[in-house]
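Student: Chains as they are written, first to last, in numbering that gives the first Met the number 0: chain A, 0 to 72; chain B, 0 to 148.
Derived from the structure by calculation, the hints contain no laboratory data. Please note that a few of the clues may not be correct.
For lysine-lysine, the following DSSO-like pairs were computed, each having C-alpha atoms within a straight-line distance of at most 30 Å [unchecked claim]:
hint	chain 1	residue 1	chain 2	residue 2
1	A	Lys-45	B	Lys-71
2	B	Lys-5	B	Lys-71
3	A	Lys-29	B	Lys-5
4	B	Lys-5	A	Lys-45
5	A	Lys-29	A	Lys-45
6	A	Lys-29	B	Lys-71
None of the values given here were measured: they were computed from a predicted structure.
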Amino acid sequence: MTGPTRRGRVSNRVRELREHAAMTQAELAKRVSASRQTIIAIEAEKYAPSLELAFRLARSLGAPFEEVFSYAD
Amino acid sequence: MSQHEKFAWGSLLASLLAWSFLTMRMTESWAVVNVSPRHMIWTYGAIVVLMIAAHAVIAGLLHAGADHELEKDERDLAIAARAERIEGLVVLVAVNVLVIQALAQAAFAGHALPRFDLGTLPVLFYALLTVLFLGHTTSQAVTIWLYRA
Numbered sequence: 000m001t002g003p004t005r006r007g008r009v010s011n012r013v014r015e016l017r018e019h020a021a022m023t024q025a026e027l028a029k030r031v032s033a034s035r036q037t038i039i040a041i042e043a044e045k046y047a048p049s050l051e052l053a054f055r056l057a058r059s060l061g062a063p064f065e066e067v068f069s070y071a072d
Numbered sequence: 000m001s002q003h004e005k006f007a008w009g010s011l012l013a014s015l016l017a018w019s020f021l022t023m024r025m026t027e028s029w030a031v032v033n034v035s036p037r038h039m040i041w042t043y044g045a046i047v048v049l050m051i052a053a054h055a056v057i058a059g060l061l062h063a064g065a066d067h068e069l070e071k072d073e074r075d076l077a078i079a080a081r082a083e084r085i086e087g088l089v090v091l092v093a094v095n096v097l098v099i100q101a102l103a104q105a106a107f108a109g110h111a112l113p114r115f116d117l118g119t120l121p122v123l124f125y126a127l128l129t130v131l132f133l134g135h136t137t138s139q140a141v142t143i144w145l146y147r148a
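All chains, full assembly: derive it from the sequences and hints.
Tutor: This is the structure in structure tokens:
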């Protein structure tokens, strides 16, 4: 389910991988057709992206999906 | 702050302003006064024009200062959908309160609930428009809260 989430359930390494790729939040946002605010919310784990956006993020960051996102029960 | 959050702030302020105008036109010392239908039609028209103009100005100002952020992405749509659901619930509850109050007034003359005389057109007009404003301001407040949560 997408939308505002409880912090920590769906975790991600978007910030780490983005910084490793020397990309700004605005650049990543443009690549995945989202707003910079959405990237900020995803990096802060305040928003869990849809599968589609999650795959686009992983592809843009050049990493496998499971390396970018993880889910803890 | 995103353009959509700024729009929500503007819309919230515009609706509070329009509701204040409605209250100023329809009440005296917080009691609805008996005004003519012409007065209500003028008030209604002015509120519609005020809301349309305010939202057009807000959208214009935001559009002038924006680069590519005006299109809603999936998070914006998720927030808007959640705010609309809560707005629907608030309007549902408010309308039910009015209905129960009206039925209680008709069936039990001595009931202890707060009384509004919905039998008069000015009170009905003010109550229904207030419900609409309540729903809209709730939606905008929830939108702002979700962007900041």
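Student: Mind checking the alpha carbons of A:Lys-45 and B:Lys-71 for me, to see if they're no more than 30 Å apart?
Tutor: With a Cα-Cα distance of about 18 Å, the restraint between A:Lys-45 and B:Lys-71 holds, given a limit of 30 Å.
Student: Is the hinted pair B:Lys-5 and B:Lys-71 satisfied, with a Cα-Cα distance of at most 30 Å?
Tutor: Holds, at roughly 13 Å.
Student: Could you grab the alpha-carbon distance between A:Lys-29 and B:Lys-71 and see if it respects the 30 Å cut-off?
Tutor: The hint holds at about 13 Å.
Student: Is the Cα-Cα distance between B:Lys-5 and A:Lys-45 30 Å or less?
Tutor: holds, 20 Å
Student: Holds or violated: A:Lys-29 with B:Lys-5, Cα cutoff 30 Å?
Tutor: holds, 21 Å
Student: Are the Cα atoms of A:Lys-29 and A:Lys-45 separated by 30 Å or less?
Tutor: holds, 20 Å
When held up to the earlier numbered hints, the structure conflicts with none and fits them all.
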